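**Student:** Going line by line, the protein sequences match chains A and B. Sequential numbering of the first sequence, starting at 1, is according to this note's numbering. Sequential numbering of the second sequence, starting at 1, is according to this note's numbering.
Note that these hints are calculated values from the structure, not bench results. As the structure is a computational prediction, the values presented were derived from the model and not from experiment. All residues carry an ideal CB built from backbone N, CA and C; glycine is no exception. Check the hints yourself; a few may be wrong.
One side of the interface only, derived from the structure: several residues of chain A facing chain B at Cβ under 8 Å [said to hold, decoys possible]:
{"#": "1", "residue": "N14"}
{"#": "2", "residue": "V18"}
{"#": "3", "residue": "A43"}
{"#": "4", "residue": "K45"}
{"#": "5", "residue": "L82"}
{"#": "6", "residue": "F232"}
So you can see what is in the structure, the chains are spelled out below.
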Amino acid sequence: MSNNGSINLSDFLNPPPVDQIGIEERVARLNKRSIKKNSKLSALKLALSMIDLTTLEGKDSKGKVRQLCNKALHLHDSFPDLPNVAAVCVYPPMVPTAVECLKESNVKVASVATAFPSGMTTLQTKLSEVRRVVRMGADEVDMVISRGAFLRGEYHLVFDEIASVKEACGEAHLKVILETGELYSLDNVRLASGIAIGAGADFIKTSTGKIQPAATQPVALVMMQAIRDHYFKTGKKVGLKPAGGISDAKTAIQYLVLLKETLGVEWLTPDLFRFGASSLANDLLMQILKQANGVYQSANYFSKD
Amino acid sequence: MVTKEKLIDFNSVWEYSPAPESTDHVKLDDKYDLFINGEFVSPKSRKYFWTENPATGKKIAKVAEASKADVNSAVKAARTAYDKYWSKMPASERSKYIFRIARIMQERSRELSVIESLDGGKPIRESRDVDIPLASAHFFYYAGWADKLDYAFPGRKTRALGVAGQIIPWNFPLLMAAWKIAPALATGNTVVLKPAETTPLTAMKLAEIIQEADLPPGVVNIIPGAGETGKAIVNHPGLDKIAFTGSTVVGKYIQKTLAGTGKKYSLELGGKAANIIFEEADLDQAVEGIINAIFFNQGHVCCAGSRLLIQEGIADEIINKLKNRMETLIIGDPLDKNTDIGAINSKAQLKRINELVSAGIDEGGTIYQPTCALPKSGYWFKPTLFTDVSQSHRIVQEEIFGPVLAIQTFRTVDEAIEKANNTPYGLSGGVWTDKGSKVFKVTKQINAGVIWANTFNKFDPTSPFGGYKESGMGREGGLHGLLPYVELI
């Protein structure tokens, strides 16, 4: 932090280096945590409450979005005390449909914006898109950073762009997608995390889901460390959203262990942690029912939307 | 950048449910006899001692205590085995037996891990992932050397020494047995091994494995006991070599006793390793490395990084991160798969740790321990940090052999090196920096047998291990590990 208390890009430009081998070892060690019985059941329910149910396809229709919203509202009504998912995440033209479906509920509407997934357009277009989705009622905006500018070393451009989008968001929460699959090194992930946090991100998010690799645990751990260092320095809590490729309960629980042992129990809430996923919900439901009944149901007993 | 201390809440919500490793598959007898000449025999001393589970204080089994007369029989059996079988056998045949031991250990690894944790108090995560796989890997590695000794030392041939007396400690019971027995057998020696009195059970299981592997009788003899048994081995005229891992005090006694006898000896003794963190290091991984360096196996590690040297500018940040990381350490039942820190090995060791920690407080050190609760029965000690200590403090100078870290700061590279070397020990060390050139510059100047860069407490059978100064002499592991068991001709 600079002396006058304001935030400058320079505060985030020299993060500590990241040792990839060390990060991978830490992840491997945390993956050995054995989560059983009650701790497993509460983890499964927690993970369910953290899901951003997502549909981001060119072929998306209003019908598909309504279907997804219904799923969000009725995960598995025959089983009592299930939490709701956190949000439904859609493309901008689908925001009104989602808002309409979810207006009576506490499920949030998130919209991707800023020329998702590539971000290849002018700042002006990005900002007007952001303002439009907010005006239509999106509670949360998932933006992408300009990876080209980042890789060229034009960090000020990336920083300013995020700051402008944040301003355009107004009350809406901003999630900044780093698209770590295009950043190539954990050092870059750490640097980009710092820039996004510094520029005002409420959440930092790993991926669009359109590029491989999408979310990985080493990447998520590095982002958690960036969030923690910011918390140590300023007391401010930034959220994390790994997205893409997290499709089973086991992996989701591994992320929660990483989260708990890096950022602590205050982050174990949908306010500060989300999974961007579509098929994860059903696997979690299947495991929750298995914990309760002792047997697995076939996939046909869970609605596929 | 000065960071204010800030502790994160890691534990108030979502505690992990117990996940104990099953003990159903473990077969333990009530009583273990001496393993001499391929058979389990009752001790001439008629004496047995109890080995207990340090996590509960409960007795596990009675174990025979070898007297002087028993040592005599063991040495005699080993000598006969050497003359009759082992020295006459083609090296490739020897190799087959050692491979067989390695494989049976692998097959029985689950059982061995559980017993190691029951008898010694170490977390199952470590006995399962480190102790037992490494022990078996040592046998595999040296099995490979047995028939290639002619190529080990160019221009020289090797000759076995004869019968080796081997005395091992309680911190890595089965692994230390492997470090001793595997190279001795590969080079053509026969052995008499004494496991430590608090952790004899996996060694007795190893005796069963050796029986199962059908080694000629007397090639390996395993005779538990305490100091007196060890003394009888060291003083036995019929041995050609003594290999010892343990305290520096005993190491000195062995050197004095063997002076002038012409017997070969190798000693792996204490340590007080410096772990040096430079400001350009990857800080979060360095914190992880500090944790592994001092809290691995409750700090019962001769090469533990028990002195932490942090560059002044990052000291507050590192210490804050370290305290937070310590909050996430899970202390408790060694058999629980989630346990990070198990029980202190024995009542005597707990007393020693308490004594040194009290001395640290009396001498003005600032103590820090995490908020975790300790189990009611058994022997336990919280992971502990000391700040405000200097080179003249006892806790900086003396080996504690427990989960206690003494932290100092430095400003320059030279100061770090000077502090690191300012100790009677020279077993290990650690350097953390993102600068490759600095790794070489600093490690070259630290007088220690093993130095890790950007990691700590990593072991491999191919890599030699051993110390300088009061940390001992001779190397175990790798090509160098053959030398203590051969004469070069």
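**Student:** Against this structure, judge whether each hint is valid.
**Tutor:** Here is what the structure says about each hint:
1. N14: Constraint on N14 (chain A) not satisfied, violated at 10 Å.
2. V18: holds (6 Å)
3. A43: Constraint on A43 (chain A) satisfied, holds at 7 Å.
4. K45: Violated. Min distance 11 Å.
5. L82: violated (18 Å)
6. F232: Constraint on F232 (chain A) satisfied, holds at 6 Å.
In the structure shown, a violation is registered for the earlier hints numbered 1, 4 and 5, in ascending order.
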